[in-house]
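Peer 1: The whole structure should be built from the sequences, with the hints applied where relevant.
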Amino acid sequence: MKVLVVDDDYAVLDAFKDVLEDEGYEVSVAANGLEALKELRQGARPDVILLDLMMPVMNGWEFRQEQLRDQALSAIPTVIVTAHNRPEESAKELGVVSCIRKPVKPELLLSTVGKFRG
Amino acid sequence: MWLRQRARLVEETQRSRAAAEAVAGELERILESITDGFCSLDRSYRYKYVNRLAEEILGRRREELVGRSALEGSPMSEAGITAVRKAMEQGETCHAQAFNPALQRWLATDIYPSPDGVVVLFRDITDRKRAQEELRRLAAIVESSEDAIISKDLDGVITSWNAGAQRLFGYTAEEIVGRPISWLMPRDRDDMERILDRIRRGERVEHFETVRLRKDGSLVPVWLSVSPIRDDAGNIVGAAKIARDVTEQKRQVAEGERLYREAQEAARVREEFLSVAGHELRTPLTSLQLQLHTLRRRIQSGQQDKAAELLGRASMQLQRLTRLTEELLDVTRITTGRLELELEETDLGQVVQGVAERHKESTARAGCELRVVAPQGITGIWDRSRLDQVVTNLLSNAVKFGNGKPIEIRASLDTSWALLTVRDQGIGISPEDQAKIFERFEQAASKRSYGGLGLGLWITRQILEAHHGRIEVTSEPGRGSTFRIDLPLRPPGGALA
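Those sequence lines, one after another, are chains G and H. Position one of the first sequence corresponds to residue 31 (our numbering), numbered consecutively onward. Position one of the second sequence corresponds to residue 27 (our numbering), numbered consecutively onward.
One or more of the hints may lead you astray.
Stated by the list, open to error - Where chain G lies over chain H, by a calculated footprint (3+ residues, C-beta under 8 Å):
#, region
1, 297-305
2, 317-328
3, 332-342
To be verified - 30 Å max Cα-Cα, derived BS3-like pairs, lysine-lysine:
#, chain 1, residue 1, chain 2, residue 2
4, G, LYS68, H, LYS431
5, H, LYS155, H, LYS112
6, G, LYS47, H, LYS431
7, H, LYS74, H, LYS112
Since the hints were derived computationally from the structure, they do not count as laboratory data. Glycine included, each C-beta is placed from N, C-alpha and C at the ideal position.
Peer 2: Below, the structure is given as structure tokens:
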């Protein structure tokens, strides 16, 4: 099962990668919305996208707009991972399936991602 | 014959006596009915005659006075006695106006010499004197009032003008009494007629806030209270106006409002900062939490070999958290004036090289090429770790906002000053934001896109100012920013701390 993690913080990307890969997920990473979009348009089809919101170049909101506009990508389940105080609000606003609040609890991360397995 | 003559003589004498008695009686009636106290004194100052009103004013019956000396035990005042003596001795008419302490009354006295002494006419002027005193007292109050006190007639002609009015409006009483009140009226105000209308109806106008015109043409905000003035018959004949300059009150109110807005803005900024700080702390906490989870799992499954590298990365997140905490503490240190410098001989080139070395990985990951021109030997008396913090802040900003383009750090020496520039070719800063970026909690770039507490440049500026140095920025949106630092090699005055 494939997971795409989008976050501008390399330490966060590495940490996600370690946790998920140890559980057998195939993980790819992108440092901002634009990089993620490039990867998807080159054919990557993750089973779930973990999306940070505050990122330079193209932030999570902008990425989400582009994703929803693209029929090939709009159906990919997306989970936002944010340090916002009220992530539910952003989740509703962005029409995503779920949200995880930073700091991320590993168990919650794994159970959330696990829902999209196969 | 002589009998007839004698009889006629007797008759005539009787007639003239009767006539004289009639005259005397008439005189006495007159003296008794005049509105002045009257008495006559003989050459020995003895009372010869005292009329009814004199009895009343002096508070003695005429029987007690007639035949007794006016100089001893008399109800006459000192001033009265002096005047009487003078009239008697010099044969002149004398006047006296004095307070009689025994009677507790003011008396006006006229003394006229007569063939066998003097006659004294006097009247009680206590009420008039008290009214005059009251009037003087009121006039003194009006004159010493801080407020402008003005009276005008119903046509709006100024009839009196106190010192307060002169201070407030600039006109002297001579200049303006007799002139129309409209001299004080700004051209675009028409509240005077409304006020006069209310006065004509007998109403008072209180604490009416308006604007008036000074002699020099400037406007002054005032509070007006206007009351009708009535004559003895109760007819309204004019208005008394009190005007108070409320410039200071207005300024204080405006100042209060400004402080309130500032406090609100400060509270908002603080609130926003706390939210940003919370966000910033959660990012390294996320990494740390996940790293520890992985570490535990790997140790449990016997993959110790991969643990060491993870520990290294975890400790980097701890350093990051420490730095954030330090920044927060710096804010407290700086705002409470407790930023202490540990000054020592420091090589700027060495500091720059060290920072560049530490940022090799992050600059590379951001795709920024880092060029450093920092010769060793630019030494000054500085706080080494604070200088490191300054260079670190500027470099991490350049990486963060550098858009993956080359970054250049250049250090040089200019006689007694060290110069440092950090240049990126990134997103740049708009002119209006350039003024704000050195303020606390400010980050020009959208907080939706870039992390950071928004404190770095503020702390940087504070550190440099503590070193008597300065920082400035030149930037063009889309073309990048150049931060330039000028730092004196040693503190002014040569002191080490």
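Peer 1: The structure should be examined with respect to each hint, and the outcome stated for every one.
Peer 2: Results for each hint:
1. 297-305: It holds: at least three residues are needed, and the region 297-305 of chain H offers 3 whose Cβ sits within less than 8 Å of chain G.
2. 317-328: holds (count 5)
3. 332-342: Coverage by chain G holds here, the residue count being 3 at a Cβ distance below 8 Å.
4. G/LYS68 to H/LYS431: At roughly 20 Å apart (the allowed maximum being 30 Å), H/LYS431 and G/LYS68 satisfy the hint.
5. H/LYS155 to H/LYS112: holds, 25 Å
6. G/LYS47 to H/LYS431: With a Cα-Cα distance of about 27 Å, the restraint between G/LYS47 and H/LYS431 holds, given a limit of 30 Å.
7. H/LYS74 to H/LYS112: holds, 19 Å
Checked against the numbered hints given earlier, this structure breaks none of them.
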